[in-house]
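A.B. asks: Just so you know, the sequences run in chain order B and U.
Counting the first sequence from 1 gives a position; our numbering is that position plus 1059.
Counting the second sequence from 1 gives a position; our numbering is that position plus 39.
Treat the hints as calculated values from the structure; they're not laboratory data.
Glycine included, each C-beta is placed from N, C-alpha and C at the ideal position.
Among the hints, erroneous ones may be present.
List of simulated lysine to aspartate or glutamate pairs, DMTMM-like, C-alpha gap at most 25 Å [to be verified]:
hint, chain 1, residue 1, chain 2, residue 2
1, U, Lys129, U, Glu83
2, B, Lys1085, B, Asp1063
3, B, Lys1085, B, Glu1120
4, U, Lys43, B, Glu1095
5, B, Lys1105, U, Asp99
6, U, Lys143, B, Glu1111
7, B, Lys1064, B, Glu1111
8, B, Lys1085, U, Glu83
What the simulated footprint calls covered on chain B by chain U, stretch by stretch (three residues with Cβ under 8 Å from a Cβ of chain U suffice, anywhere in the stretch; the number is not a length) [stated by the list, open to error]:
hint, region
9, 1062-1073
10, 1119-1127
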Amino acid sequence: MRIDKDFTIQKVGVSFVAVPVGETSKNFHGMIRLNETGAFLWNKMKEADQTEDSLVAVLLEEYDVDEATARADVQKLVKALKDGKVL
Amino acid sequence: MERKISIEEQLGRDGYLVSTTVGYSMWPMLKNRRDRVIIRSYGEGEAPKQNDLILYRRRDGKHVLHRALWVDESCCITRGDNTYYLEEVKHKQILGKVTEFYRKDRHHTVNSGFYKAYVWVWRILFPLRALLHGLKIGFHKLLSLAKRAAKKILKK
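The following block holds chain U by itself, in its conformation from the complex (with noise of 0.2 Å):
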């Protein structure tokens, strides 16, 4: 076998790379060590668009697969599927964009109309899932707070 070599030094050699998705960031269209997707380098002059599923790699060295949502000249914002939180990404960050994906063992591209739906309906709905994300962790705080008031006073 090859030696082992880098995400970088895979997408310089031969302009893909191919992985299997980890985390739950990018749910509900990619899940968690089951789904893999086909990445590739951006071509001479092609600069990341607005809904680009972009690999980049953070200043810690972690690589992330996030959405970019908006872009500009030097930089993208992005936030994966399932995150509430935004991230500023500079174009020198970012490795390469997913061009074709499985789920499960079904293959997609992203020209494909589903997808462009899927991006297109996931985006609309944020507010609303926000919203829900929101009243759910607040839920929590206070059943949380609640049943650590009920402890005291029944220690009382």
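The following block holds chain B by itself, in its conformation from the complex (with noise of 0.2 Å):
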């Protein structure tokens, strides 16, 4: 899983907020909150392609939670990203 489009993240008070720009901003209109997890696992994505397993890893090396907090974080995410069309 990869984020091939083109977003950029700014932090906005305690929040983190990614929007699109250039040739995505033309389909994707709108802001994306997220919190500090999501916006340190949405890095990761765009950094290179993960797994759900290799984002469970990166978290769990990161923060202080257990293994199934972790997936549950990871998973929510996904779906949240797949369900905007982010992913």
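The two chains are supplied separately, each in an independent frame; assemble them into the complex guided by the hints.
C.D. replies: This is how it looks when you write it as structure tokens:
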């Protein structure tokens, strides 16, 4: 899974917001609110192709969470991005 | 992902909106589909001020981001930094104002000295810019007339 569409992320207060730029902005209108974990995973998916397992692994490395929580967070985000046609 | 909500709903819910700018009316400050703005609602009792970059909704439903040049109790007169027509906007049409923006990846706030200087210089230059714009339009019209005349002559 990789985010290959053109988005940028801005921090607004404690939230992170992804907005489309360039060609992507012609077909995707709006903004996507992310929390810190979501923004972290988003950036990982922008940098390289990922699997659910690889995303869980980077979350476990970065944050002090158990695997079940990490996996649930990853699945929730991936589903949301697929529903929103970002992935 | 949460359901899609409107610009008005987003501003009402979180008090801010982030958007990519579309169009050329705010050049050179903002470039089409490259730069982003953070728009915040006006606070309770807060009113638009001169030079605020305001987001408003026209009667046809279109959302526009232009600069407030003159402001009174009931309305503003706006113009894009790259346009030459004025527009009257009632306060009730105004949804918020830009407080921060990104040009490419560089962050700016509207309180910075750099931004205030840009606004001041760009407004001062308006008469010259309008003159050059008028000359450019006049030149293109003349050129178009000359081409049509040349075509007619050649047909004969």
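A.B. asks: With reference to the structure, classify each hint as holding or not holding.
C.D. replies: Hints, verified against the model:
1. U/Lys129 x U/Glu83: holds, 17 Å
2. B/Lys1085 x B/Asp1063: holds, 15 Å
3. B/Lys1085 x B/Glu1120: Distance ~36 Å between lysine 1085 of chain B and glutamate 1120 of chain B Cα, so the pair is violated.
4. U/Lys43 x B/Glu1095: holds, 21 Å
5. B/Lys1105 x U/Asp99: Answer violated: lysine 1105 of chain B to aspartate 99 of chain U is near 38 Å, above 25 Å.
6. U/Lys143 x B/Glu1111: violated, 31 Å
7. B/Lys1064 x B/Glu1111: holds, 19 Å
8. B/Lys1085 x U/Glu83: violated, 35 Å
9. 1062-1073: Holds: 4 residues of the region 1062-1073 of chain B have a Cβ under 8 Å from chain U.
10. 1119-1127: n = 0 at 8 Å, threshold three: violated.
This entry does not satisfy hints 3, 5, 6, 8, 10, going by the numbered hints stated previously.
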